[in-house]
Amino acid sequence: MIEITGLDKHFGALHVLRRLDLHIAPARVMAIVGPNGAGKTTLIKALLGLVRSDAGSIRIKDTVVDGDVSYRAGIGYMPQIVRFPENLSGQELIALLTHLRGSTAPRDEELIEAFALGAHLRKPVRTLSGGTRQKLNAILAFLFQPELLVLDEPTAGLDPLSSSVLKDRILSVRGAGRTVVLTSHIMSELEELADDVAFLVDGRVAYVGTLFDLKHMTSQTNLERAVAVMMRRGMAA
Amino acid sequence: MTTTLKVTGYGVRNLVRSRWLLVYTLFFFAAAEGLLRFSADGTKALLSLTSVVLFVVPLVTIVFGTVYVYGAREFTELLLAQPVRRSQLFTGLYLGLAVPLAMALGAGIAIPFAMNGAARAADAGTLAVLVFAGAALTAVFTALAFLIALRVEDRLHGVGVAIGVWLLFALFYDGLVLLLVALFADHPMEKPVLAMVLANPVDLARVLLLLRFDLAALMGYTGAVFQRLLGGWTGSILAGAALALWVAIPVAIGQRVFRRKDF
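Chains as they are written, first to last, in the working numbering: chain A, 1 to 237; chain B, 1 to 263.
To be clear, the hints were calculated from the coordinates, so they are not data collected in a lab. All C-beta atoms in this analysis are idealised placements derived from N, C-alpha and C, irrespective of residue type, glycine included. Among these hints, one or two may not hold up.
[Claimed, not checked] A partial selection of chain B residues facing chain A, derived with a Cβ cut-off under 7 Å: (1) Leu80; (2) Gln88; (3) Asp262.
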């Protein structure tokens with residue numbers, strides 16, 4: 001699904017991605033983990049074309065990410081936090097994105113129902129609670145049935161019920177053959193969702209493989225401890 | 001093109017509903033209404049209103065604009081992750097801010113004049129020039145606000161820069177010009193001063209308006225020079241064209257910065 005080769009990025013003197021290589025297989029959930037400043041956000045933003053790399057290439061399906069924007073019609077992005085325009089309603093935001101994507105495909109409204117969000121979509125965003133805004137953020141990512149979902153800390157700010165609704169949805173779209181790339185600080189959540197893990201340290205992939213293999217390799221029984229072992233090794237290296 | 005219009009449309013819708021824009025409209029409404037009541041005639045009211053517009057529009061536009069662009073940062077990122085070209089998105093975001101601000105100004109000023117029937121033929125032309133100059137200043141300072149918010153990462157610092165730019169153009173500039181004239185008193189200064197007027201959008205708007213009142217000498221040194229050298233239509237056309245450049249150049253630079261920026 002995604003082939004990243006030799007991806008390199010500087011922000012001024014900061015070398016954020018160092019010739020990073022990563023293959024993300026289709027119809028799987030890939031978790032990007034790593035310590036703060038490892039380059040997770042930059043990697044995700046490079047996938048979306050928000051950040052331009054200095055060198056290397058990203059291929060998503062058959063398209064090389066190089067300035068042409070049409071490939072993004074196949075991506076649903078859920079940022080960590082969005083401040084939506086305060087005086088627009090959820091429905092208006094949906095209409096705007098529908099137009100921008102030129103999408104005529106049937107919409108995935110399952111999340112709207114599962115979150116029981118229908119009535120809230122008619123209200124201006126400024127009247128919605130933080131959790132409801134985050135649900136709106138999730139809906140917008142799933143709505144257009146994208147083949148690739150990029151989710152940055154998707155359950156942050158959601159109550160336990162909504163969080164499990166969202167996790168169920170992630171697993172069900174994966175089951176339907178779509179690919180999910182996500183980050184999270186909640187290791188138990190990744191353990192529930194992820195098939196594969198890419199562990200980033202200092203802008204490189206220090207480990208990539210299945211969740212099972214990572215635990216096995218570090219002789220740990222859960223992901224949190226396995227990642228902690230990796231981080232200690234990363235610091236020692 | 002339709003992408004640009006769509007983004008503009010939602011920007012306008014969002015701002016038109018904001019309480020803040022209502023306050024901005026009411027401010028000009030109250031100023032125009034008050035000046036009309038307390039001035040002997042429409043022309044004098046327009047003259048006073050000119051000072052208000054030249055002072056308030058750049059300040060509010062650049063400060064509000066900078067804060068607004070920072071606030072829209074994350075939503076802009078979400079829009080950038082959609083299949084849209086950056087250049088179209090930038091134009092849409094820019095117009096979505098500049099258009100409602102200019103509309104608020106135009107409505108706030110024009111309605112009281114229409115209500116009072118003060119828009120007689122002579123004043124109607126000046127009123128139109130005032131609204132046009134205010135809209136042009138809105139366009140210029142919105143573009144500068146985008147440039148600041150795109151180039152300066154830290155929000156507080158960015159707002160500081162915005163206030164600094166306003167202070168420079170609206171307050172210090174005329175003083176600097178006078179200082180230069182005093183320093184080079186032995187030299188012919190008219191042409192350099194003319195060039196300096198062209199380099200300040202607030203001065204350009206002032207000149208454009210004061211040429212209509214025949215009072216340029218009353219409002220700043222630069223205005224007086226402009227009128228002496230380029231009274232009448234030549235001056236108006238030159239000032240209008242220079243203002244247009246003052247919109248086009250920052251917008252073009254903003255486009256370029258936006259297209260290349262890492263978000």
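Now for the hints, and whether the structure bears them out:
With its C-beta approaching chain A no nearer than about 6 Å, Leu80 (chain B) sits inside the 7 Å limit, and its interface hint holds. Residue-level restraint check for Gln88 (chain B) is violated (minimum Cβ-Cβ distance to chain A is 9 Å; threshold 7 Å). Using the Cβ-Cβ criterion of 7 Å, the hint placing Asp262 (chain B) at the interface with chain A is satisfied: the shortest such distance is roughly 4 Å.
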